[in-house]
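If you read the protein sequences in the order shown, they are chains A and B. Using the UniProt record's numbering, the first residue of the first sequence is number 1, and each one after it goes up by one. Using the UniProt record's numbering, the first residue of the second sequence is number 1, and each one after it goes up by one.
Worth flagging that the hints you see were computed from the coordinates, not collected in a lab. Note that CB positions come from ideal geometry on N, CA and C, so glycine has one too. Among the hints, erroneous ones may be present.
Covered stretches of chain B, as calculated for chain A (at least 3 residues, CB under 8 Å) [as the list claims (entries may be wrong)]:
no. : segment
1   : 87-99
2   : 103-110
3   : 115-125
Here are the simulated lysine-lysine pairs, DSS-like style, with alpha carbons at most 30 Å apart [what the hints assert, rightly or not]:
no. : chain 1 : residue 1 : chain 2 : residue 2
4   : A       : 113       : A       : 193
5   : A       : 134       : A       : 113
6   : B       : 151       : A       : 187
7   : A       : 134       : A       : 208
8   : A       : 193       : A       : 208
9   : A       : 193       : B       : 151
Going by beta-carbon spacing under 8 Å, a handful of chain A positions derived as facing chain B [claimed, not checked]:
no. : residue
10  : 171
11  : 175
12  : 178
13  : 183
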Amino acid sequence: MSLQATMPATSAAATADAMDAAWLAAQQRLRWRRRIMPLFGGAALLFVWWALVAVFQVRPFIAPSPEVVAITFYQKFGMLMQNLWPTAIEAVCGFLLGNFAAITLATVFVHRKAVDEAFFPIAVLINSIPVVAKAPILVLLMGNGLSPKIAIAGIIVFFPTLVNMVRGLEAVNPQAMELMHVLSATKWEVFMKLRLQTSLPFLFSALKIAASTAVVGAIVGEWIGSQEGIGALIIQATYNFDSALLYATVLCGSFFSILFFLTIRLIERFVVRWQPEGAP
Amino acid sequence: MAAALDMAQDAPPGGVTAAPLALDCRDVTVRFMSERRAVTALEGVSLSLESGSFLTLLGPSGCGKSTLLRVVADIVQPSAGSVSVLGRTPAQARQNRDIGFVFQDASLLPWRNAIDNVRLPLEVGGRRELPAGAMRPQDLLDLVGLSGWEKALPHELSGGMRQRVAIARALLGGPRLLLMDEPFGALDEITRDRLNEELLRIWAETGTTIIFVTHSIYEAAFLGQKVLMLAARPGRVRELVAVSLPEPRRLAVRESPEFVALAARLRALLETC
Ligand SMILES: Nc1ncnc2c1ncn2[C@@H]1O[C@H](COP(=O)(O)OP(=O)(O)OP(=O)(O)O)[C@@H](O)[C@H]1O
Ligand SMILES: [Mg+2]
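For reference, chain A alone in the conformation it holds in the complex (with noise of 0.2 Å):
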């Protein structure tokens, strides 16, 4: 580095060329290859799960085969799509009011610690009632339609994301604190151009947690008392031995969850562009 610092090669060797060009294609073997290994994992998964139904005999309605499976979710596909709908709206609902209770909360604490004091242990007491049990109370609260369903994914959502969240906005750099004061900055100021952003990894890493719990907690809810719904397909195949069904119906909701999961990672990677310092 000279004293006018040196910029960017514009100019650089055929050779040193030739060598980007190929550490770039081995990073992109290395990426496909990341993406193509799962896929064999679970054929192989799939294949031992065959076997094992086919080596055993496993009657039908204690565990179906694949491939039975397979052919129930093609034949009830609309069914399915139709129940999913439901759950899906709980989750996704549920997810975003949980987030959003939690991150106000997160901010609010941040900057009143005596409020922070007042309702944290609250909050981990109602955490530490299990869900099952929140479940049944929030259905007599609020009927049999969508409410206690996203009610309850809301809740699960909310613990962990209102913990990482006052964690991220209190994990600012001392000295860039000092800085803003320097600078004369504002509690407000100080909050949108340090604290949110310090924040974010953290909150992502909650988000992500969240997609999938979201739907756990919609399922749950749709348990306790429900036509229509995921979890209530899971029921009604259960009581039915349809054993069949009831694998479709749990693929079905897992895909939505990774579904949901990836587009929250997708929204991270385009949020979160910067190298995360002290990321968790």
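Chain A is already provided as a structure; the job is to place chain B with the ligands on it using the hints.
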């Protein structure tokens, strides 16, 4: 620099209203209380500094160098004594953007590219406009030798380059007092030497007053017009050493007999702190 020094000396004949001192500390004492013990970080520190001068602070670890800078920048309140920055209180000087601060780690915001980091002071503390004729963020990046790196994110820059960005940010708005707390402490020797020379150039071009904390005797002697030696436990002034090396200084001055003698004297002093 010459211009700035002249300004300080250009008091009207009869000298009633001389330009205010860049810094005037009287009997500054700072005590930190914690649950387990109380620490006296500074005790009875008095110091005055003319506008446009370059002071280096030297002393053993824990002698209160950072604390002194923090008091001047209104980050820490003194327990006793008075501080005046350019004739105002530190809080007024801070609000007036008279003070620029460069921290030991560059403390750039990692999500902002170089030029947006330099621009930060314009976006907080009441969205200030740059005074007419003041150096714009781009000019400052040019000044610290980072033309072409405007769009680079901090993690794409080397430690020395990050520190230059931090200096450019501290210079935005033309602060009249620049406080630097071991800004080059984490850099390798070569980079540090280059930045030292460059800092003297920037000081000459901007005419700002600089207080520079360092652990390095050579850095203190090379940069400062005066070296303030602090002693530890409690932090107090050990001695104010005037540096009579010729200006403008180049790195080669460090081989001169005067410099070697000065460094030896500072080292001997430091050992008694
Ligand atoms: N916020 C604080 N709370 C309690 N004690 C503090 C605080 N800041 C500094 N001190 C104490 O004050 C003394 C002086 O600290 P200071 O950071 O000013 O030293 P320093 O000269 O900058 O040291 P170094 O060269 O290691 O950076 C130390 O004993 C330190 O423990
Ligand atoms: Mg220090």
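Evaluated hints:
Three residues within the 8 Å Cβ limit are the bar, and the segment 87-99 of chain B against chain A gives 4, so the coverage statement holds. Counting residues of the segment 103-110 of chain B whose beta carbon lies closer than 8 Å to any beta carbon of chain A gives 6, which meets the minimum of three for the stated coverage. Note: the segment 115-125 of chain B has 5 residues with beta-carbon separation from chain A under 8 Å; the three-residue rule is met and the coverage holds. Taking the CA atoms of residue 113 (chain A) and residue 193 (chain A), the gap is near 21 Å; set against the 30 Å cutoff, the hint holds.
Distance hint between residue 134 (chain A) and residue 113 (chain A) is fulfilled; the C-alpha atoms sit about 28 Å from each other, no more than 30 Å. With a C-alpha separation of about 28 Å, the suggested pairing of residue 151 (chain B) with residue 187 (chain A) holds against the 30 Å cut-off. Distance hint between residue 134 (chain A) and residue 208 (chain A) is fulfilled; the C-alpha atoms sit about 23 Å from each other, no more than 30 Å. Distance restraint check for residue 193 (chain A) and residue 208 (chain A): the Cα-Cα separation of roughly 24 Å lies within the 30 Å cut-off, and the hinted pair is therefore satisfied.
Pair hint residue 193 (chain A) plus residue 151 (chain B) holds up; C-alpha atoms about 18 Å apart against a cutoff of 30 Å. Against a cut-off of 8 Å between C-beta atoms, the interface hint on residue 171 (chain A) is violated, since the closest Cβ of chain B lies about 12 Å away. Hint status for residue 175 (chain A) relative to chain B: holds, with the closest Cβ pair at about 4 Å, below 8 Å. The beta carbon of residue 178 (chain A) comes within 5 Å of a beta carbon in chain B, closer than 8 Å, and the hint placing it at the interface holds.
At its closest, the beta carbon of residue 183 (chain A) sits 5 Å from a beta carbon of chain B; the interface hint therefore holds under the 8 Å criterion.
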